[in-house]
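Protein sequences, first through last, are from chains A and B. Per this note's numbering, the first sequence runs over residues -7 to 230. Per this note's numbering, the second sequence runs over residues 4 to 114.
Misleading hints may appear alongside valid ones.
Facing chain A, a subset of chain B residues (Cβ under 8 Å, in silico) [what the hints assert, rightly or not]:
1) Ile6
2) His37
3) Pro52
4) Ser73
5) Leu79
6) Leu87
7) Leu91
8) Phe92
9) Val113
Calculated from the structure, these hints are not laboratory results. Note that beta-carbon positions come from the ideal geometry of N, C-alpha and C, so glycine has one too.
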Amino acid sequence: MQNTKPHTIIGALKSAFPHTLPVMAGFMFLGTAYGVLMHSIGLGVGWTFLMSFLVFAGSMQYVAIALFAAPFNPINALAVTLMVNARHLFYGLSMLGKIKEAKKFKPYVIFTLCDEAFSILCATNPPAGVDSGWFMFFIAFLCRWYWILGSLCGAVLGPLITIDLKGLDFALTAMFVVTLLNQWSNKSNRASALIGIGCSLVCLLLFGPDSFMIPAMLLMLGVFALFSNKLTEGRMGP
Amino acid sequence: MTILAGWPLFITLLFIALGTMLTRFLPFWIFPAHRPIPIFVRRLQLLLPSAAIGLLVVYCLRGINVFTGSRGLPELIAIAAIVLLHRLFKNTLLSIAGGTAVYMLLVQLVF
Chain A
-7 MQNTKPHTII GALKSAFPHT LPVMAGFMFL GTAYGVLMHS IGLGVGWTFL
43 MSFLVFAGSM QYVAIALFAA PFNPINALAV TLMVNARHLF YGLSMLGKIK
93 EAKKFKPYVI FTLCDEAFSI LCATNPPAGV DSGWFMFFIA FLCRWYWILG
143 SLCGAVLGPL ITIDLKGLDF ALTAMFVVTL LNQWSNKSNR ASALIGIGCS
193 LVCLLLFGPD SFMIPAMLLM LGVFALFSNK LTEGRMGP
Chain B
4 MTILAGWPLF ITLLFIALGT MLTRFLPFWI FPAHRPIPIF VRRLQLLLPS
54 AAIGLLVVYC LRGINVFTGS RGLPELIAIA AIVLLHRLFK NTLLSIAGGT
104 AVYMLLVQLV F
């Protein structure tokens, strides 16, 4: 039971924590905004906690507010969820190899694979001597709880906030734009980023804003099927 | 506006949670650890992260109509501000907060 000694756990927490600092700041902000929005449609702390604890998917939770304001239709809610969250399939595919390092925490890490946890997990490795399972667990655990605490904060403070919050939801867009800029700084990502944007724009024009996501993902897969060999030249390893 | 309450709300919430979990677990069920990963899927692991974020940015901006209303100008200006901030300071949170502030000011005061 070498992996459950206290110093193993604390060592993993210490090395995981700094990687999650930007997420802490971002999630306290976006989570609070979410809690405030939930409060503004009359849903209180309990529902906000359930959403952030069980769903833990920022953009979907915002979309869910529209579903809560529509007539009861759980099958439609499921379909919308699958479409909005279909990008998780791409994250899963990107993590197939890496996830083995999570060891016994594999299910928990997959359960917590949001945009931000994904971008940390696929780009970082634990320092030498630190258990990779506990390291990945803490990155996932911290991300989830920043979000939960942030949204609870908003749910509680919601009644006190009287400033005009119109446009606050743009924070999500800003977050993805910045993530894209960070990926752009690595030259080998540029072609695939442009293919992602290009396929999305083409499908947006063809299928309209409500149903372009799935065609865009299929088109991307098609383009990658044709050119993946060339696009990953020299990056595949042995 | 009528908001769901009680069981209908809880069931809707549960379906959203299940749908989200399904999208997260499915790839790992289709390609279990004990089987070798096909070469195309291994290549996708290098290409999909940035393509997926590109898709997300377009998804966030999908509601813009360039012919009516504010014609997407607040979004365009805010994104320009984000790019500028990020080039200058390379601070993820500052770029997000700054871009959001610019956008909020534009939609509340200008457009």
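Going by Cβ atoms only, is Ile6 (chain B) closer than 8 Å to chain A?
Ile6 (chain B) check passes; min Cβ-Cβ to chain A is 5 Å, inside 8 Å.
Interface hint outcome for Leu91 (chain B) [beta carbon to chain A under 8 Å]:
12 Å, violated
Does Val113 (chain B) hold up as a contact with chain A if the rule is Cβ-Cβ below 8 Å?
At 11 Å from the nearest chain A Cβ, Val113 (chain B) fails the 8 Å test, so the hint is violated.
Hey, does the His37 (chain B) contact hint survive, CB to chain A under 8 Å?
10 Å, violated
Can Ser73 (chain B) be said to touch chain A, with a Cβ gap under 8 Å?
11 Å, violated
Against chain A, with CB atoms and a cut of 8 Å, does the hint on Phe92 (chain B) hold up?
11 Å, violated
Regarding the hint that Leu87 (chain B) lies at the interface with chain A, is the smallest CB-CB distance below 8 Å?
Given a least distance of 11 Å, the restraint on Leu87 (chain B) is violated.
Going by Cβ atoms only, is Pro52 (chain B) closer than 8 Å to chain A?
This hint holds: Pro52 (chain B) lies near chain A, its Cβ roughly 5 Å from the closest one there, short of 8 Å.
Leu79 (chain B) as chain A interface residue, shortest Cβ-Cβ below 8 Å
Cβ of Leu79 (chain B) sits 12 Å from chain A, so the hint is violated.
Of the numbered hints given earlier, the model fails hints 2, 4, 5, 6, 7, 8, 9; all others are met.
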